[in-house]
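Participant: Residue numbers (the numbering used here): 17 to 518.
It should be emphasised that the hints constitute simulated quantities derived from the structure, not laboratory data. A quick note: this is a predicted structure, and the numbers were derived from the prediction, not measured. Where hints are given, some of them may not hold.
[Unchecked claim] Cut-off 25 Å, straight-line C-alpha distance, at most; resulting in silico cross-link-like pairs (DSS-like, lysine-lysine):
hint, residue 1, residue 2
1, K453, K483
2, K485, K26
3, K487, K518
4, K496, K93
5, K406, K386
6, K494, K459
7, K433, K397
8, K459, K420
9, K366, K386
10, K202, K386
11, K433, K487
12, K252, K420
13, K252, K459
14, K516, K459
15, K433, K406
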Amino acid sequence: MIDKYAVLKKYFGYNSFRKGQQEIIDSILGGRDVLAVMPTGAGKSLCYQIPALMLRGITLVVSPLISLMQDQVRILKASGVPAAYLNSSLTPAQIRLATERAAQGWYKIIYVAPERLMSENFIEFAVHADISMVAVDEAHCISMWGHEFRPGYRKISEFVNKLPFRPVIAAFTATADGKVRYDISKMLCLRNYFQYSSGFDRPELYFSAVCMDNGERDFEHDKGLNFLISYIKGHKEESGIVYCVTRGQTQAVYEALAEEDIRSCIYHAGIDNQTRKQIQEDFTFDRVKVIIATNAFGMGIDKPDIRYVINYGMPPTIEDYYQQAGRAGRDGQPADCILLYDNKGYMLIKNSFILRPREDDEMSPEDRRKYISVQLSKLSKMYRYAFSDKICLRKQILEYFGEKAPKKCNNCSVCRKISLIQVQKTTVDYDKELYEKLRSHIKILSIRSGLPVYAIASYSVLQEIAKAKPKNMSELRKIKGLSEEKLRRYGQDIIDITSKYK
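Produce the complete structure using the sequences and hints provided.
Facilitator: What follows is the structure, given as structure tokens:
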């Protein structure tokens, strides 16, 4: 079997694994099921992508969103990995062709929506295919106690039981408390599984909670908008997400920003699929810097250079908040996570989202009562997080997920008590002129190739190149994060630029 380090270097451009990755990969390669809880940006995808390239046959990746599948496959192909996806964005003819090619062994990794698993045609393909692993991304969706329950996830075990041989099952999530982890293991029928949690702390994220209460006046016309406008103007060169609780709020925020000549886009479930796809691409390719969205936007977003996430209103749970906030700073660089809240937000969530019956509710009356009780308890904890001005915000998040935390983190609004409306300052230890030339060139390559900038080279990789100033391919190969395929495609272009700098 090919060495995992060789696979890591060839396809992903790294020489060493991050914390926990090697243990998870070794467990999968040893035929053992896995349940891994790792924060956004910790490298979950590599934990199943590397074994997929080393195991015989095909790895199926169950993924909840079309956009997530498309992004992952696009990035894998750019790194030389044979991958495909099967979802409703494809025509029946395209699905047939992709399935035929999969049966012929064209792909090592196939992304599929959970609802497709039980379709007659897919089962016919699967029972004759050599499936060595089923990786379940965003595995918390399987639990009704989770914050993004998806009934289709509960069919995964039924699907696996139809296969002639049981593959390894590996489940991954960024947000799962003890009850949700138990649900995942039970619903997926995990056997003798290796459980790993890398911890929930994201030291690079600055957490802040800012009260926007203004008596009887409307939240969206007072302090909240003033704060947003000031903050975004101070970060106009940076990508950011503003999460709103309702579609109406997204429109109000969008119009207020437009009046201040701040360009943004709206994203919510009421927008048609084609428009949503275009908006996500505009954000991914940096054609627009600010997205105003409901929670319909974001699960699995791969854009690593999001510098801020502002919640314009209180989310229903700390899991929701942590996952949304966690979309910032995936490149490991400093980022702001700001919660704007008021008392009305609590009642809005309680009455409109928890107590109001759902049209697609598949729960029994007893399960529904349990669900409401759990969600009200979680909302109360979210309320305490927002309104507590004496307890470290990071400490509250970590303890919610069952981790010990120091009393002070010195990187949240409670601990630091500083103004937020300022541009973050980071130490620059690379040639800034060279970095800007590289960044401009990568943007051109991005347009030509149809790949987002980060799929070619992340800004942190470009900073390392601007620091090292490689003169030849041998020196460029020492930079982490450039796969052999990327070096083949783009390496000489990079050398042509860097070789001119001393």
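Participant: Run the distance test for K406 versus K386: straight-line Cα separation, threshold 25 Å.
Facilitator: It is violated: about 32 Å lies between the C-alpha atoms, which goes past 25 Å.
Participant: Has the given pair, K433 with K406, been kept, meaning a C-alpha gap of at most 25 Å?
Facilitator: holds (10 Å)
Participant: Keeping to a limit of 25 Å between CA atoms, is the pair of K433 and K487 held or broken?
Facilitator: Since the Cα atoms of K433 and K487 sit roughly 46 Å apart, the hinted pair is violated (cutoff 25 Å).
Participant: Would you check the hint for K433 and K397, treating anything up to 25 Å between C-alpha atoms as holding?
Facilitator: holds (22 Å)
Participant: When you check the alpha-carbon spacing of K366 and K386, does it fall within 25 Å?
Facilitator: holds (15 Å)
Participant: Given the proposed pairing of K494 with K459, does the C-alpha separation stay at or below 25 Å?
Facilitator: Holds. K494 to K459 sits at ~23 Å (cutoff 25 Å).
Participant: Under the criterion that the straight-line Cα-Cα distance not exceed 25 Å, is the pair K496, K93 satisfied?
Facilitator: holds (19 Å)
Participant: Holds or violated: are the alpha carbons of K516 and K459 at most 25 Å from each other?
Facilitator: holds (20 Å)
Participant: Can you confirm whether the C-alpha distance between K252 and K459 stays at or below 25 Å?
Facilitator: Roughly 18 Å separates the two Cα atoms, so the pair holds.
Participant: Is the straight-line distance between the alpha-carbon of K453 and that of K483 25 Å or less?
Facilitator: Between K453 and K483 the Cα gap is close to 13 Å, so the pair holds against 25 Å.
Participant: Do the alpha carbons of K485 and K26 lie within 25 Å of each other, as the hint requires?
Facilitator: Measuring from Cα to Cα gives roughly 22 Å; hence the hint holds.
Participant: Hint check: K202 vs K386, CA-CA at most 25 Å. Holds or violated?
Facilitator: holds (18 Å)
When each numbered hint is compared with the structure, violations occur for hints 5, 8, 11 and 12.
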